[in-house]
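S.K.: Position chain B relative to chain A; hints supplied.
Chains A and B, in that order, are what the protein sequence lines are.
Under the UniProt record's numbering, read the first sequence as residues 1 to 413, first letter to last.
Under the UniProt record's numbering, read the second sequence as residues 1 to 413, first letter to last.
No lab work stands behind these hints: they were computed from the structure.
Just to be clear, a hint being listed does not mean it is correct.
[To be verified] Derived DSS-like pairs (lysine-lysine); straight-line CA-CA distance at most 30 Å:
| # | chain 1 | residue 1 | chain 2 | residue 2 |
| --- | --- | --- | --- | --- |
| 1 | A | K57 | B | K167 |
| 2 | A | K37 | B | K57 |
| 3 | B | K173 | A | K214 |
| 4 | A | K173 | B | K173 |
| 5 | A | K51 | B | K208 |
| 6 | A | K365 | B | K345 |
| 7 | B | K79 | A | K208 |
| 8 | B | K167 | A | K390 |
| 9 | B | K51 | A | K79 |
| 10 | A | K105 | B | K214 |
| 11 | B | K105 | A | K384 |
| 12 | A | K214 | B | K345 |
| 13 | A | K57 | B | K51 |
| 14 | A | K345 | B | K167 |
| 15 | B | K51 | A | K51 |
| 16 | B | K390 | A | K383 |
| 17 | B | K37 | A | K37 |
| 18 | A | K214 | B | K37 |
| 19 | A | K208 | B | K51 |
| 20 | A | K105 | B | K390 |
| 21 | B | K79 | B | K167 |
| 22 | A | K390 | B | K105 |
| 23 | B | K383 | A | K51 |
| 24 | B | K365 | A | K105 |
| 25 | A | K105 | B | K383 |
| 26 | B | K214 | A | K390 |
| 27 | A | K144 | B | K37 |
| 28 | A | K79 | B | K57 |
Number of protein chains: 2
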Amino acid sequence: MLAEIITIGDEILIGQIVDTNSAWMARELNAIGIRIKQISSVSDDREHILKALAEAKQRADIILITGGLGPTKDDITKKTLADYFGVGFVENQEALDNVTRIFAKYNRPLLEVNRQQAQVPANCEVLNNQNGTAPGMWFNHEGKIYVSMPGVPHEMMYMVEQQVIPKLKATFKLPVIIHKTLLTVGEGESFLAERIADIEDSLPPYIKLAYLPKLGQVRLRLSGYADDETTLQAEIDEFATQLTQRLGSIIAAEEDIALEKAIMNKLEQSGETLSLAESCTGGYLAHLFTQHAGSSAVFLGGAVSYAYSLKESMLSVAHDTLTKYGAVSEETATEMVQGALLNFKSTYAIAITGIAGPGGGTDDKPVGTVWIGVAGKGKMVVKKFTFGNKRQQNIERSAITALGMLNTLISAE
Amino acid sequence: MLAEIITIGDEILIGQIVDTNSAWMARELNAIGIRIKQISSVSDDREHILKALAEAKQRADIILITGGLGPTKDDITKKTLADYFGVGFVENQEALDNVTRIFAKYNRPLLEVNRQQAQVPANCEVLNNQNGTAPGMWFNHEGKIYVSMPGVPHEMMYMVEQQVIPKLKATFKLPVIIHKTLLTVGEGESFLAERIADIEDSLPPYIKLAYLPKLGQVRLRLSGYADDETTLQAEIDEFATQLTQRLGSIIAAEEDIALEKAIMNKLEQSGETLSLAESCTGGYLAHLFTQHAGSSAVFLGGAVSYAYSLKESMLSVAHDTLTKYGAVSEETATEMVQGALLNFKSTYAIAITGIAGPGGGTDDKPVGTVWIGVAGKGKMVVKKFTFGNKRQQNIERSAITALGMLNTLISAE
Numbered sequence: 001m002l003a004e005i006i007t008i009g010d011e012i013l014i015g016q017i018v019d020t021n022s023a024w025m026a027r028e029l030n031a032i033g034i035r036i037k038q039i040s041s042v043s044d045d046r047e048h049i050l051k052a053l054a055e056a057k058q059r060a061d062i063i064l065i066t067g068g069l070g071p072t073k074d075d076i077t078k079k080t081l082a083d084y085f086g087v088g089f090v091e092n093q094e095a096l097d098n099v100t101r102i103f104a105k106y107n108r109p110l111l112e113v114n115r116q117q118a119q120v121p122a123n124c125e126v127l128n129n130q131n132g133t134a135p136g137m138w139f140n141h142e143g144k145i146y147v148s149m150p151g152v153p154h155e156m157m158y159m160v161e162q163q164v165i166p167k168l169k170a171t172f173k174l175p176v177i178i179h180k181t182l183l184t185v186g187e188g189e190s191f192l193a194e195r196i197a198d199i200e201d202s203l204p205p206y207i208k209l210a211y212l213p214k215l216g217q218v219r220l221r222l223s224g225y226a227d228d229e230t231t232l233q234a235e236i237d238e239f240a241t242q243l244t245q246r247l248g249s250i251i252a253a254e255e256d257i258a259l260e261k262a263i264m265n266k267l268e269q270s271g272e273t274l275s276l277a278e279s280c281t282g283g284y285l286a287h288l289f290t291q292h293a294g295s296s297a298v299f300l301g302g303a304v305s306y307a308y309s310l311k312e313s314m315l316s317v318a319h320d321t322l323t324k325y326g327a328v329s330e331e332t333a334t335e336m337v338q339g340a341l342l343n344f345k346s347t348y349a350i351a352i353t354g355i356a357g358p359g360g361g362t363d364d365k366p367v368g369t370v371w372i373g374v375a376g377k378g379k380m381v382v383k384k385f386t387f388g389n390k391r392q393q394n395i396e397r398s399a400i401t402a403l404g405m406l407n408t409l410i411s412a413e
Numbered sequence: 001m002l003a004e005i006i007t008i009g010d011e012i013l014i015g016q017i018v019d020t021n022s023a024w025m026a027r028e029l030n031a032i033g034i035r036i037k038q039i040s041s042v043s044d045d046r047e048h049i050l051k052a053l054a055e056a057k058q059r060a061d062i063i064l065i066t067g068g069l070g071p072t073k074d075d076i077t078k079k080t081l082a083d084y085f086g087v088g089f090v091e092n093q094e095a096l097d098n099v100t101r102i103f104a105k106y107n108r109p110l111l112e113v114n115r116q117q118a119q120v121p122a123n124c125e126v127l128n129n130q131n132g133t134a135p136g137m138w139f140n141h142e143g144k145i146y147v148s149m150p151g152v153p154h155e156m157m158y159m160v161e162q163q164v165i166p167k168l169k170a171t172f173k174l175p176v177i178i179h180k181t182l183l184t185v186g187e188g189e190s191f192l193a194e195r196i197a198d199i200e201d202s203l204p205p206y207i208k209l210a211y212l213p214k215l216g217q218v219r220l221r222l223s224g225y226a227d228d229e230t231t232l233q234a235e236i237d238e239f240a241t242q243l244t245q246r247l248g249s250i251i252a253a254e255e256d257i258a259l260e261k262a263i264m265n266k267l268e269q270s271g272e273t274l275s276l277a278e279s280c281t282g283g284y285l286a287h288l289f290t291q292h293a294g295s296s297a298v299f300l301g302g303a304v305s306y307a308y309s310l311k312e313s314m315l316s317v318a319h320d321t322l323t324k325y326g327a328v329s330e331e332t333a334t335e336m337v338q339g340a341l342l343n344f345k346s347t348y349a350i351a352i353t354g355i356a357g358p359g360g361g362t363d364d365k366p367v368g369t370v371w372i373g374v375a376g377k378g379k380m381v382v383k384k385f386t387f388g389n390k391r392q393q394n395i396e397r398s399a400i401t402a403l404g405m406l407n408t409l410i411s412a413e
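One chain only, chain A, in its complex shape (with noise of 0.2 Å):
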């Protein structure tokens, strides 16, 4: 079963946002065994529209459509599909119920605008909206579904999991997808690609290994389709134990995790915490552990010492050591992680601090210049790292790596 994804809204064409929805909704409907086969972003034109909804029909029987729902001018999807479809419009109860609950609930006026977004094409079937005011549009045309929801991730998103799931589930008798992802830490994919060449060339057709590279860290996906699951299942599994095997302590996660996720895991099966001690990743790697469900039982928290005072006072580092050596020097970072395990208590730390830039770097420590301290159970590795000129890169290769040394510390004990 194939699906495609379109995307409307001129804010996804000039950058202005960056589309997170479609990957949200390309993994759901993996999940119960739909394969994306396009992703689409077009403009907020009519005539471009509806070109992409016919090419999307010749490859596909769901097509999910996301923005362009909203009350203003610029908002044209929901006209066009009564065009595409050649209906006219009704005015639906249940969304209009919808629109003014919620405008009560703020105690706003009804607006004229507001009480239009209740008239929907007439062949569709509404999706209601519980968090705005955009009805969804369900449409069975010419044995294809089509799916128009609003661009606003939490009002797709629950829409998405609450009624259109549970409808593509009934509609269709759905195939089997199996996907099963290593998570390796600190070798190149083409060295992970030598190393299980065999077991690559031995994968049936209907198994596919792929390899998705992202600093530092590779993840092996293996990817497998058919009608019987069970089978499936234990060839995928038979495949990923020889994979374990081949790369033994490279494997940092045996699921499609994150790497601080897969760290947090180890610490709490042995009840260990961690702490943190951010200059320049500046709360980044405090956020990567907190944005998982469950982190306070390993996390304890962090100084964000963007500040010399607030690195003395958060985390005890001399102040004779911040004039000396400068807050980015091994002497510094040293200082943070010790502080950050002494004053927090933690059983292992991370301490960053380097130069983010694009401005701040000298000509002996230049814009990317990093050190990155870990420490826990005796045991501390401090190493100094030159990234690039780019400073989000900077900020994410430093956590990146302050995980991968964590992990290392971890594991080799």
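M.R.: Just chain B now, with coordinates in the frame of chain A:
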């Protein structure tokens, strides 16, 4: 001048990664007057890639392709492009030197799969990859430009900035596109539309107004397309001024910047500073501030205080307050924001404590309960919010809401 972006790779279609490359490329191209007609994500499948190329060339003059250039077997872009153009392969000396240099730098032996990365379609002009082993490729075929680049973001970004943009400028006479964005805070999309309806109606056909809503903020974006830059800029500025005068204090910035950046700009002008006390947002708010270059001029740092003990040690929250009222309470939020002001010696501070979920909720404090405090210069506001049950959304909403509260507190003075 129209361009399309085609991203190749199953990892996008199964939702394993979010496509951030396209938005970045779209911004870069828009800035030099090239509009993106469509962004398509397609699978690592020969026929599908060929179809996507054929469709894109019908609509656009420039086709940017990313992904599928790695050394492993699932990477088929290069072979497919050679088939598309009907040419064979040649070894490119510059690309071979580059891959050899990189492997020598890391003291790794050059594998056959890596050497093959220097094999390119005979009709291409190689774009040297400063940050990786896969060369970029520039094709000029039947009046259309095709550019194939690696999908790894920093490899692609460097290539676009250093080589693709200059070559596009040299190849085409580019028209003018001007965008002007106003950031509004605290009013819904439909109310904004009602208040500025007459201004919107008076726009000429070559200037469009878009509403871009996002959790408590709406960006108003004027986009103009013309041949004469000076005239268009004057017109856009005139309409922007009309909008700004009409909307008054709900305008947080007259440029396309994030709310936290608008706040930092104000504080920097007045020589004031900011610190944070984050619990449930776990470093996310600190990251929002510190992702911006120059944030250290305003942002001193903050505490990420997940554990009770860290709320006490870093923020001087009284132990009795935590045990009597709990971590998620008006009393704790108040002591957190006051503790941040006092301990970190900043002009303003923000404190956030809540239950991000999915666990940790109780009957009287369900998941999504968040207390936010903002304070500075003798003023303080502490408010309770009840968000939803999704962790990531609760984190984002808490942060954005806190920014809105601080913006109001600062603007009120």
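S.K.: K214 of chain A and K345 of chain B: Cα distance at most 30 Å?
M.R.: Roughly 39 Å between the alpha carbons, so the hint for K214 of chain A and K345 of chain B is violated.
S.K.: Between K79 of chain A and K57 of chain B, is the straight-line Cα distance small enough, at 30 Å or below?
M.R.: The hint holds at about 28 Å.
S.K.: So if I understand the rule, the pair passes when the alpha-carbon distance is 30 Å or less; does K105 of chain A with K383 of chain B pass?
M.R.: Within the cut-off at roughly 19 Å; holds.
S.K.: Verify the proposed pairing of K390 of chain B with K383 of chain A, using a straight-line Cα cut of 30 Å.
M.R.: Between K390 of chain B and K383 of chain A the Cα gap is close to 37 Å, so the pair fails against 30 Å, i.e. violated.
S.K.: Regarding the pair K214 of chain B and K390 of chain A, is the alpha-carbon distance no greater than 30 Å?
M.R.: 26 Å, holds
S.K.: Does the alpha-carbon distance linking K57 of chain A and K167 of chain B stay inside the 30 Å limit?
M.R.: 37 Å, violated
S.K.: K383 of chain B and K51 of chain A: Cα distance at most 30 Å?
M.R.: It is violated: about 49 Å lies between the C-alpha atoms, which goes past 30 Å.
S.K.: Keeping to a limit of 30 Å between CA atoms, is the pair of K105 of chain A and K390 of chain B held or broken?
M.R.: 21 Å, holds
S.K.: Are the Cα positions of K345 of chain A and K167 of chain B separated by 30 Å at most?
M.R.: Between K345 of chain A and K167 of chain B the Cα gap is close to 56 Å, so the pair fails against 30 Å, i.e. violated.
S.K.: Against the 30 Å threshold, does the CA-CA distance of K167 of chain B and K390 of chain A hold or violate the hint?
M.R.: 22 Å, holds
S.K.: Below or equal to 30 Å on CA atoms is what counts here, so check K173 of chain A against K173 of chain B.
M.R.: 53 Å, violated
S.K.: Taking 30 Å as the top limit, are the C-alpha atoms of K51 of chain B and K79 of chain A close enough?
M.R.: This hinted pair holds, its Cα atoms lying about 29 Å apart.
Hints 1, 3, 4, 12, 14, 16 and 23 from the list above are not met by this structure, while the remaining hints are.
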